[in-house]
Amino acid sequence: MTVPPLSLVIAAIVAWLAIGTTGLVRPRNLRFVSRALFPAGAIVGLALAAVAGYSIDLPPASAVLPLGLPDLPFHLRLDALSAFFLLLLGAAGAAISLFSAGYFRSSEGTPPGVICFQYHVFLAAMAFVLVADDAYAFMVAWESMALASFFLVITEHRIAEIRRAGFLYLLIAHIGAIAILLAFGVLQGGTGDYTFDSMRAVILQGAWPTTAFFLALAGFGAKAGLLPLHIWLPEAHPAAPSPVSALMSGVMLKTAIYGLLRVTFDLMHAQLWWWGVVALALGLSTALFGVVFAAVQTDMKRLLAYSSIENIGIIVAGIGLAILFKAYDKPLLTAVTLTAVLYHALNHAFFKSLLFLATGSVLHATNERSLGKLGGLIHRMPWVAWLALVGTLAAAGIPPLNGFVSEWLLLQAFLFTPSLPQSFVNMLVPLAAAALVLSAALAAYVMVKFFGVVFLGRPREPNLAYARDAGRFERFALIYLGAGCVLLGVLPVNVIALIEPVNTLLIGTRASQPIADNWLLLAPISADRSSYSPLIVLAVIVGVVMLTMRVVHRLYHGRVRHAPAWDCGFPLQTPRMQDTAEGFGQPIRQIFEPFFLIERHLPSPFDPAPRYSVKAHDRFWGALYLPIARGAESLARLAGLIQRGRISVYLTYSFCTLLALLFFVR
Amino acid sequence: MIEILAVLGFPLAGAAVLAALGERRQAPAVNIAFSFLTFAAAVALTVRVIVSGPLLVADRQFFVDSFNVFLVALTAFVGLTTAIFSRTYMRIEQEKGRLTLGRLRLYHSMYQLFNCTMLVALLTNNMGILWVAMEAATLTTVLLVSLYRTPASLEAAWKYFILCGVGIAQALFGTILLYFAAEKLLGGGGGALLWTELDDVKTQLEPTVLSIAFVFLLVGYGTKVGLVPLHNWLPDAHAEGPTPVSAVLSGLLLNVALYAVVRCKVLVEGSLHNSFARDLMLGFGLLSVVTASLLLSRQKDVKRLFAYSSIEHMGIMTFAFGMGGAVANFAALLHMTVHSLTKSAIFFTVGHAAQASGTQIMDDIRGLVTASPMLGWGLALGTLAILGMPPFGVFASEFLILVTAIGERPWAAPFFLVALGLAFAAVFSKVLPMVFGATTGGRLPHPPAMFPVFVHLGLVLLLGLWIPPFLADWYRQAARLIG
Amino acid sequence: MSAAGIASQLLQFAIALALAPLLVGWVNQCRAWLQNKSAPSLFLPYFTIRKLFVKDAVVAEGASAIFRTTPYIVFGAMCCAAAIVPSLATDLPFARAADAIALVGLFALARVFIALAAMDIGTAFGSLGARREMLVGFLAEPALLMVLFTASLISGSTSLPTIVDTFAHRDLAIYPSLAFAGVAFTMVSLAENARIPVDNPATHLELTMIHEAMVLEYSARHLALIEWAAALKLFNYSCIGLALFFPWGIAAAEDGWLALLGAAPVLIVKLALGGFLLAVIETLSAKMRIFRAPEFLGTAFLLAVLAMLVNQMLGS
Amino acid sequence: MAGIPLYAQLINLLAAILLLLAFAMLTQRRVLSLVNLFALQGIALGTSTAIVAYATGQMHLYASAGMTFALKVGLLPWLLHWLIRRLDVKWDVEGLINVPTTMLIGIVLVVFSFNLAAPISQLASTVTRATLGIAMASVMLSFLMMITRRKALPQVIGFLAMENGLFFAATSATYGMPMVVELGVALDVLVGMMIVGVFFFQIREQFDSLDLKHLEKLKESE
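Residue numbers (numbering that gives the first Met the number 0), protein chains in the order written: chain A, 0 to 665; chain B, 0 to 482; chain C, 0 to 315; chain D, 0 to 221.
Looking at chain A on its own, in the form it has when it is part of the complex:
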């Protein structure tokens, strides 16, 4: 190969930055930005995906850039793990860039050229995070990613909540970055050398590995949206324009997962089994929390944001299980679990971007985000509706599509746990499996609500009649992502062949025998133990459906008569009689009562215009964030006493310091 892949990746990053800066040259010119720059960004994304796909099974390549600090220049490294995530970034990024080509209009917020600049700096920073090989480069890329995405989140900065969401997002991202910096500080173990290679060589003693792990979990968890630090996600993702929230939900959360994998599996050798248990518990509680809250949302983008929290929870639970297996030195089981984790990350990138982009098109057609004012869009926006259906089925984990495959692999991994010596863990894991299955089932509930309320039924508002379908670029991007979901679901064996080298890198030893031998059948350990072939299942279902359709239509005449809906004979039917978003979420609110802080507004009996509204709030605001804010406030008030205003008081400070120091010196 003439040109080494790493320099191609660097070229892609530079290309993105160049596209971004050309956007700045003529910020107001929308045609140039959307017709030339965004498609160019998409092409660079595809090229990056191709290079990453190609270089996944090549040996790791590293390089040093002259930039950075004099004695710590930027080290870059392209190994299997970063190649896989670059593939994810390129593939999903390309689609989203293509969608944004048709999406951005010259709204009164930030000019399109500036958005294009921030967007491409965001992509470049994410790619840079994935190839960074020393603490300084990683931190620079990490926080530049947070900064670029912050500016994107507040594109419509006129609205106060969006500014608040932007601030909350950057604050928690910054706190996460501080935790990551501390983790790197611990990982360098006193050698003072902050390159990842030296961190790999360092063997930490005593309690240091545990502190490093939990700092990394906190830091990357803050960016991924793990439980205590998830508050910003449902605020920031909906606030951003749809392509940006797709990029943040689909790809940026995966950089946090990449970081966690890089620190736990690559940089640290010793893994304690109870780390896995903690990560498993944290992941599952995040998943359950996310999906339960997604079920009661009334804003479609908040619903998808909470569902991202759920998927991230499942991924982190998978990582916890992988740590558990690695701690008990079971390479094959770790390989299966890691395959499930990486596969789900890729799947989530595809179907979540598809759903967010679909909401983007809906938002553009109706400029309405709350579920209560949508409905019946399948008739006016067929392309968007049917492709959103593909995304919904994938997100709900329905067999032929990709959501089911990664869930199937993860459940298989859960089934192998009885072979662990620790009896306590053997007890715990069935419960973990139950929680995982419950959150997957609830995901189906949420997705049915999302699709049903938005696209099906009758339009709840009269102006929905004017909704137009998505434009050419947007439609093509949605088709690309839909095809991705189907292919990922139907051809798992080839995808797992891609993931194989990543496992060998992370686990160290070559897994005894490949997870998927023949191309048709996915059989993790042995064929008779458990196997699943999505292609055959899809073929059989489609075959049976076609067969019945032909038989029914030929044998029995296919005459159809259209009439008003039967509805048990009730004559009066208005669109308002359909289930609202709150209504569809009511059973969940009923069953999972303790999860929420419910604020109900009930109309009084003589209320001329009775309005009934119920809002489910997050308990973490009151339990965790407000006390911290109040604590900081009171501490600040205490500090404020120093600056009392009287000059004699200031002189006394100076005098006392002098006397104290003199006394101390003598």
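Hint data in this document are derived by calculation from the structure and do not stem from the laboratory. Among the hints, erroneous ones may be present.
Said to hold, decoys possible - A short, non-exhaustive set of chain D residues, derived as facing chain A with CB atoms under 10 Å:
1. 87
2. 217
3. 218
What the hints assert, rightly or not - Here chain A is said to cover these stretches of chain C; the calculated rule only asks that three of the stretch's residues, wherever they fall, bring their Cβ under 8 Å from a Cβ of chain A:
4. 46-57
5. 99-105
6. 133-147
As the list claims (entries may be wrong) - Simulated pairs of lysine to any residue, SDA-like, Cα-Cα distance not exceeding 20 Å:
7. 150(D) with 645(A)
8. 429(B) with 634(A)
9. 50(C) with 548(A)
10. 50(C) with 16(C)
11. 299(B) with 640(A)
12. 54(C) with 426(A)
13. 54(C) with 593(A)
14. 150(D) with 178(D)
15. 212(D) with 645(A)
16. 329(A) with 54(C)
17. 54(C) with 14(A)
18. 183(B) with 178(D)
19. 50(C) with 556(A)
20. 183(B) with 121(D)
21. 372(A) with 298(A)
22. 429(B) with 157(A)
23. 50(C) with 553(A)
24. 54(C) with 551(A)
25. 299(B) with 163(A)
26. 218(D) with 416(B)
Where is the CB? At the ideal position from N, CA and C, for every residue including glycine.
Please arrange chains B, C and D on chain A, whose structure you already have, making use of the hints.
Leaving out everything else, chains B, C and D in the frame of chain A:
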């Protein structure tokens, strides 16, 4: 030798000329011209020092080594850009009727004199002259702080004068003790106060006298640096004076004071052989960072907010110098450069923002980006730079300082990080609504002078990503020198 | 993929299709007898399905393509599920392609599509039924998976034929974990097939119905397919129950044609007994309020997890 | 006292007088007598510098003695008197804390400064090394005086008294700093006084009183 004369001569000449014709319309242009000449001379001096190494001239009265030459260059550069900014700023202030021509005359001449005193303080080899220059710098800026004659500016100026006067007096006592200790070894006459002489003989100096001298010097010059228990004058002085003065005070004078403290620390370090001096600076530095970050969240006035941010950053630098060692000193010097560049850029944008909305209260300044995009983006990027967001240089130096702190003094790292987190939360929550959102600010009569702001931020961005090799060796030499 | 394998696969598929409406008819007859009413004919479901096929279909105006294609998809999914569950013999080549978890996925596919179709018309009852169906679904699915997990932990594999093989040829030991799993499975199948405690199949009382509310708008051939799919689902669930808990009499993979023919009468007897047991349960219990369903399914879920834990503890 | 030469004894005497004056100024009520005490302190400082110049034969000390007399006895007191007359601030001046406590704190300070300066004075080669403690004490006392004063003018006088103490330390402990530094210090003090004068007029104009309680608005603790 000529360069040093030029570097000092031009501002003095400028002060005289401006005192004479300060009334006329083109006084700001003259001010810029003299600042430019000073900058050119400083660059020439820097090149000279790079090429031929440290300079000891005029019968050992002036000493230029790698440590103070980059500060001289920085001071001259920021002086020039501030002069450029003050031309537009002062014209708008004049049209608003807040300043008469007479006061402008005082302003311009004092500005040049202030530049001169700072350059003298940096270049002199004599500790006594260093003290005199610091005192003169205080006196020149006292009048500038009270330029607007409002009750608040008077109060700020009075406190500034009394507190800094008392502080500087302690420093004089410290210098006397230093002289006293040195006189036994170097004999009477001028030699005992020359830093180079003291530096050669510092190991034999009397430890007890030196430690007491360092206490007085640290408290003295520490007041000028704004270390916490002695910082009370700083927020008032920086907030009440005209913006160019605040920019120069925050950007340059604090650096010069810290330079003086570090000069003394080098001497005391040599004689004491224990880490007493360094521990003292560590303590003051950490205290400043934590207290300043706490006070940030209570601010209502935008310039007071960034004055407290200066206290916090001076605390970081003192902490870094306190840790000592090549990497920490390197980081501290880098932090000095990027902090003065970023802080002065922020004060420029804040000045114009205050003029546009007619008030310094943050709640009344809204939506700068929509009113004038350059101003809004300048302030947003400047604030993110000062808060240590990565692409900018402040992150590079803070990264190095944190990294050495984790390595050498792990107990201090958590305090540091919590303080940085608090500062980020406080400053950003106040600046974000100012920059974004629906606009309330009016239009500026003249286009804001954004050239200096974006030059500064560009330099800081460059330093964040790539430090030019010659600058890196500069810092390394100085770091080794400081020890 | 031997010819015998394909033959037994197609045979079991045909038997499932044929016997499903019969099982429903049999259950209705038993229930009528137990409630001393005169029972409808055993082959009533066949007649209704045939009658419905020839009628003209009436489709609501607001219905989209989803509404019209859902019956076919649901029917296809149920057939696919029938092909996986071993009723006569365990020689099912297609079962290699989809194991127990995929089976649960297929049921989820059917449920999601039927719920979407219900919401497509935009009437109050459609979305009401959809919401309740998804409620029952997300509570029943974990319990079902736990039951299947217990079985696979015992047998060491998740593919149904292997499970049946291991269970059928093991000596008759008492498996407490399987007992718990069995009770849990019955409760789950009651809920999934819209039987009495959770939902009344025969009712059209708007407020209580779940399954009926969703298929309200269907007519003629669509309704026929939906009815047939529902019958098929009941048949599948009973076959799974028999396979997991009463596997004796299912022909092993290597036995020849004779074993296959021999297994048919055993299957019919077992199904008859199962149908009668279902009728007894339905007559004895009354329909619960919809918000009592979570507790009902919660106990089922608890029993299933308990079965798994017991299996861990006692190793059996 | 007998062992050391006459001039040393004189210098120690003048040092004691200086300390006494610092104490007196600390507890003085009236502004006018405060200025006179400051002038007396100037005289004591000037004569001691002259004696040291005579004893060590350093010519530049004579110049600085002369400068002290001109500045600290002539110009500054006259300037202060002129200011007091123009701003008519001749009324009584009460401190923040009552006189006995100030005296007590003063004594504690003196004791502290003495035993702080004790080790240093052993090392001093100059005969008049004992005066270092006294100089440090007077600096501390004038610092205390600045803290306890309510009005602007007494605070400034305290500041000038501190300069005197420092100057005395410079001359007694080390036989005077190099000439350039002496000049610089004197120039700074003079310019400082000019600025203070300008301030007084501005504060008078703004607050029509020199009480420091008007200068307390810039604060954080409300």
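Hint by hint, here is what the structure shows:
Restraint check, residue 87(D) versus chain A: the minimum CB separation of about 23 Å is more than 10 Å; hint violated. Taken as an interface hint, residue 217(D) checks out: its beta carbon lies about 6 Å from the nearest beta carbon of chain A, inside 10 Å. Hint status for residue 218(D) relative to chain A: holds, with the closest Cβ pair at about 3 Å, below 10 Å. Coverage of the stretch 46-57 of chain C by chain A holds. Counting CB-CB distances below 8 Å, 5 residues qualify, and the rule asks for three or more.
For the stretch 99-105 of chain C, the assignment as covered by chain A holds, since 4 residues bring a beta-carbon within under 8 Å of that chain's beta-carbons and 3 suffice. Counting residues of the stretch 133-147 of chain C whose CB falls under 8 Å from any CB of chain A gives 9; the rule of at least 3 is met. With a C-alpha separation of about 12 Å, the suggested pairing of residue 150(D) with residue 645(A) holds against the 20 Å cut-off. For the suggested pair residue 429(B) and residue 634(A), the alpha carbons sit about 18 Å apart, so the restraint of at most 20 Å is met.
For the proposed pair residue 50(C) and residue 548(A), the alpha carbon gap of about 17 Å is at most 20 Å, so the pair holds. Between residue 50(C) and residue 16(C) the alpha-carbon distance is near 17 Å, which keeps this suggested pair within the 20 Å criterion. With a C-alpha separation of about 16 Å, the suggested pair residue 299(B) and residue 640(A) falls inside the 20 Å cut-off, and the hint holds. Simply put, residue 54(C) and residue 426(A) have alpha-carbon atoms about 56 Å apart, too far for the 20 Å limit, and the pair is violated.
About 50 Å separates the Cα atoms of residue 54(C) and residue 593(A), which puts this hinted pair outside 20 Å; it is violated. Taking the CA atoms of residue 150(D) and residue 178(D), the gap is near 35 Å; set against the 20 Å cutoff, the hint is violated. Restraint check for residue 212(D) and residue 645(A): the C-alpha separation of about 7 Å stays at or below 20 Å, so the hint holds. This hinted pair does not check out: residue 329(A) and residue 54(C) have alpha carbons roughly 61 Å apart, beyond 20 Å.
At roughly 64 Å between alpha-carbon atoms, residue 54(C) and residue 14(A) are farther apart than 20 Å, so this suggested pair is violated. For the given pair, residue 183(B) sits about 19 Å from residue 178(D) by alpha-carbon distance, which is consistent with the 20 Å threshold. Between residue 50(C) and residue 556(A) the CA atoms are separated by roughly 13 Å; this keeps the pair inside 20 Å, and the hint holds. As the CA atoms of residue 183(B) and residue 121(D) are separated by approximately 12 Å, the hinted pair is consistent with the 20 Å bound.
For a cut-off of 20 Å, the pair hint linking residue 372(A) to residue 298(A) stands: about 10 Å separates their Cα positions. A C-alpha spacing of about 16 Å is found between residue 429(B) and residue 157(A), which places the hinted pair at or below 20 Å, so the restraint holds. With a CA separation close to 16 Å, the supplied pair residue 50(C) and residue 553(A) stays within the 20 Å bound. A C-alpha spacing of about 12 Å is found between residue 54(C) and residue 551(A), which places the hinted pair at or below 20 Å, so the restraint holds.
With a C-alpha separation of about 19 Å, the suggested pair residue 299(B) and residue 163(A) falls inside the 20 Å cut-off, and the hint holds. In summary, the hint linking residue 218(D) to residue 416(B) is not supported, as the alpha carbons are separated by about 27 Å, beyond the 20 Å threshold.
Of the numbered hints given earlier, the model fails hints 1, 12, 13, 14, 16, 17, 26; all others are met.
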